[in-house]
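Asker: The chain contents come next:
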Amino acid sequence: MSVFDGFKFRRVYSPIHQLDPRVKFFYVLVMFVIAIMFNQLLPLILLFFIQLPFVFVAGVQREWVRSLRGALFFAIMIFLFNFVFQYFWTEYPLPPSPSLLEYSIAMTLRFIVLIESFSMFFLTTSPDHLGLALEQSHVPYEFCFAFTTAVRFVPVLAEEAQTIMDAQKARGLELERGNFIKKVKNYIPILIPLIVSAIRRSLELAEAMESRAWGATEKRTNLYVLRVKRGDYLLALISVLILIFAVYVWIFHREQIPLLTNFLAPLELTVTKIS
Amino acid sequence: MAIIETTDLTYTYPAGTKLSLQDVSITVEQGEFVVLTGPSGGGKTTLCRCFNGLVPHFYGGKLEGNVVVTGLKVGEHSIYELARHIGLVFQNPENQLFALSVEKDVAFGLENLGIPRGDIRKQVDWALEITGITDLRERPPHELSGGQQQRVAIACVLAMQPNVMILDEPTSFIDPVGAQKIFDVINELNKKLGITVILVEHRLDLASKYANHVIVMDEGKVVLDGEPREVFNSDSARLIGVGIPKATRLYQILKEKGISLKKVPVNSEEASQLLREVLTHDRG
Amino acid sequence: MIAVKDVYFTYPNGVEALSGVSLAIRDGEFIAIMGQNGAGKTTLVKHINGLLKPTKGEVAVDGVSTRKVSVAKLSRKVGFVFQNPDHQLFCETVEDEVAFALRNFGFKEQLIKKRVTWALSLLNLTRYRQTSPFMLSGGERKRVALASVLAWNPDIVILDEPTIGQDYQQKEKLRQFIVQLNTQGKTVIIVTHDVEFVAECNPHVILMAQGKIVAEGGAKETLTNRDLVTQAFIVPPQVSQIFFELSDLKLPTNVIDVYDARKVLLDRLEVSS
Ligand SMILES: Nc1ncnc2c1ncn2[C@@H]1O[C@H](COP(=O)(O)OP(=O)(O)OP(=O)(O)O)[C@@H](O)[C@H]1O
Ligand SMILES: Nc1ncnc2c1ncn2[C@@H]1O[C@H](COP(=O)(O)OP(=O)(O)OP(=O)(O)O)[C@@H](O)[C@H]1O
Ligand SMILES: [Mg+2]
Ligand SMILES: [Mg+2]
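Chains A, B and C, in that order, give the protein sequences. Using this note's numbering, read the first sequence as starting at 480 and increasing by one per residue. Using this note's numbering, read the second sequence as starting at 1037 and increasing by one per residue. Using this note's numbering, read the third sequence as starting at 2 and increasing by one per residue.
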């Protein structure tokens, strides 16, 4: 399992899937910016929960959970790194206090929020839609075409690599044999056919494109248009409101955001008193 | 009226060592269904590439002689100009489809031409309808079966409403029933819409029943050109190694034993009809 | 002897490509596996040389389960020629290409020379010995791929779609070649869509549909059975169609070859005259 599983689009229909990718991307950017703005735990927790309704409306909980699980390893690394690094290697070592713990958790959560929002975006946006959004954002058509073609052919190439590997194994190739240099060399019989057939394939593709009037006019038209609908305005509005609120808090109340450990402090006191 | 006319076409690929086409002169009439066949390496694919300008514009090299397609001289017009009049479908369906939905793929050529959206919609719907894949419109092409993919590829070309369709071994990766369906679609384009069809094919048993003109190429030259019956039954067809339909072959070997049917059959219906006559006549 | 026992196979993406296939192939048999695109033909033959291991069930070659031996080892016995020669050619010369597997299997250089010479002449490729395989035509590349497998003289030869893109003459050569292998006692298994080719070869036919074997028998019986043929998405050979259309004349219906057809017709005409 990998983090990338959480980015694989699955064709389903939900209000979220119907949204304009550009608006969705704006929303992701807002989440991104806010997550970077704050390094306290409380706002990051809020940010984490704000996104949950979207996940459920889109009906991608399973994939979403999987992407979070995929990110678990990195999350733990980030946590340990912050915790240990702050403790040992900074100029003014902090003792392992609850507030350091909270800080490390916050940094981890920031990462998770980023993963969460990006995976939301890719889980609910078809590559098709995305290519279209690129096109209609005046990205040069060649680039959009390269993007959709890559999405289309990467799995095909992966499958082809598997077939080539099978074909060479059937001729007695053992990939795991020998020392390091030998092992690298073992891959030559796989790489060369893969490259050759990729070239052949791209030639055939080029031929097919040419035969369908590629480059006939500067002003290409498009079968689809992205129309900004009511839902899109709504999401844009929500995003803007969240952003305004966040900026407001950041400017005027940044210093007043309570540490969660402060809430715990009285508890701790009572505990010590009793003992 | 001749829709394709070539005179003394001669061509060598820039990387090639020998002539791929040598003095090819053929004429294809409007509305014909042409089967182009012959041994591997004979120059069939190369000739098809001349019809829409891939040779010489895409492949380079010098094309001697003349090709005129729908009144346009290929040497003087770009591939995209020719693409409006002539469509090419290739052997491997997988490498002709590159969009992420069937509909988008079918629209590709029309988008390139800058056709207004409303018209694209209409033409795409029409092409999907005729090829019988309307229900696949939103599917990603790479998740379809080989036969379905090839029908999408045909729709892609059809949407541009060409006068001529060229299909280069369109069914070699496809199971026989899938292949039959594709031939039926092609036949419909030819008979109902009057589109001129040029079909490159090795397996003639399935394809030849639709043809009314057969061209055989070998080593860059046209060796036979004419009506299916004559071509299939000629000695040179057998000597070059054309896989003539089994119905015709049966006619030939029956003749060796002194049984002659009234005419040369090129498909099973004709053969059974003719055999029935011989069998029932002898009985009675 | 190949024994496939109630094999199920599911690809990692969840597609069940084989659902309960059982099959016994004796030494020296000539088998053609046919059926619709995606029926599971390639998946099935990949089990025979161990490239795929059954999710459930067992495949044994000469009594040894494919789970118990490596692909490399099993390949000594089972030669597998893939559909697309471009998926395996990578050497600078045809000679090296044919020698590749022999080197992997640790043959002595001297023996390798001999085997390469033998395989090249067998497939009519001797004059291309020093040529780059990438310079050859499709049909020739296919023959190089074939030579590179036959060079180590496996007991079982599997050919996946050997006739694609081949013209009639090449197919005819291939047919003679397969028959020759078969008479030398080798087990030959071909996977193909080419009904007319099968009709000329007259092998034992296995029809597959949706991950299952739907029928098995002589080419004459299976390819002329309308129900089976429809089930496996096949179009019957042209000769069989002719005889089907004449079925009211009480002619035999299991004819697929032109020469058999002539014989039947001559017999009938003699009787009646
Ligand atoms: N891109 C190329 N560069 C150089 N030579 C080529 C190229 N394509 C084809 N040829 C050569 O041109 C000749 C004719 O090839 P072509 O592909 O037209 O034959 P074909 O009749 O279509 O054969 P097949 O039935 O195998 O498809 C062959 O000798 C071939 O080697
Ligand atoms: N590497 C793979 N990963 C996932 N699914 C696969 C893979 N290879 C094949 N399949 C699926 O398994 C099923 C059987 O495929 P297989 O290749 O065995 O069919 P086939 O009978 O050989 O078809 P064809 O006539 O098209 O070659 C198909 O549904 C196919 O999509
Ligand atoms: Mg060709
Ligand atoms: Mg297969």
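Fair warning: there could be bad hints in the mix.
What the hints assert, rightly or not - If you want the footprint, here are the derived chain A segments under chain B, 3+ residues with CB under 8 Å:
#1 521-530
#2 546-557
#3 659-668
#4 678-687
Claimed, not checked - Listed next, the in silico DSSO-like pairs over lysine-lysine satisfying Cα-Cα at most 27 Å (straight line):
#5 A/Lys662 <-> C/Lys74
#6 A/Lys661 <-> C/Lys251
#7 B/Lys1158 <-> A/Lys698
#8 C/Lys114 <-> C/Lys57
#9 C/Lys187 <-> A/Lys664
#10 C/Lys57 <-> C/Lys109
#11 C/Lys187 <-> A/Lys661
#12 B/Lys1293 <-> C/Lys187
#13 B/Lys1109 <-> A/Lys698
#14 C/Lys57 <-> C/Lys69
In case anyone wonders, no lab produced these hints; they're calculated from the structure. We put the CB at the ideal spot given by N, CA and C, even for glycine.
Asker: Compare the structure with each hint and give your call.
Answerer: Okay, the hints, checked on the actual structure:
1. 521-530: violated (count 0)
2. 546-557: The restraint on the stretch 546-557 of chain A is violated, since only 0 of its residues have a Cβ under 8 Å from chain B and three are required.
3. 659-668: Since three or more residues must qualify, the claim that chain B covers the stretch 659-668 of chain A is violated, with 0 doing so at under 8 Å.
4. 678-687: Holds, because 6 residues of the stretch 678-687 of chain A bring their Cβ atoms closer than 8 Å to Cβ atoms of chain B.
5. A/Lys662 <-> C/Lys74: At roughly 19 Å apart (the allowed maximum being 27 Å), C/Lys74 and A/Lys662 satisfy the hint.
6. A/Lys661 <-> C/Lys251: violated (68 Å)
7. B/Lys1158 <-> A/Lys698: Given pair B/Lys1158, A/Lys698 holds - Cα atoms ~20 Å apart, limit 27 Å.
8. C/Lys114 <-> C/Lys57: violated (42 Å)
9. C/Lys187 <-> A/Lys664: With a Cα-Cα distance of about 34 Å, the restraint between C/Lys187 and A/Lys664 is violated, given a limit of 27 Å.
10. C/Lys57 <-> C/Lys109: Violated, because 39 Å separates the two Cα atoms, which is more than 27 Å.
11. C/Lys187 <-> A/Lys661: Roughly 34 Å between the alpha carbons, so the hint for C/Lys187 and A/Lys661 is violated.
12. B/Lys1293 <-> C/Lys187: violated (37 Å)
13. B/Lys1109 <-> A/Lys698: Given that 27 Å is the threshold and the Cα spacing comes to 26 Å, the pair holds.
14. C/Lys57 <-> C/Lys69: Roughly 15 Å between the alpha carbons, so the hint for C/Lys57 and C/Lys69 holds.
The structure fails hints 1, 2, 3, 6, 8, 9, 10, 11 and 12 (numbered hints given earlier, in ascending order).
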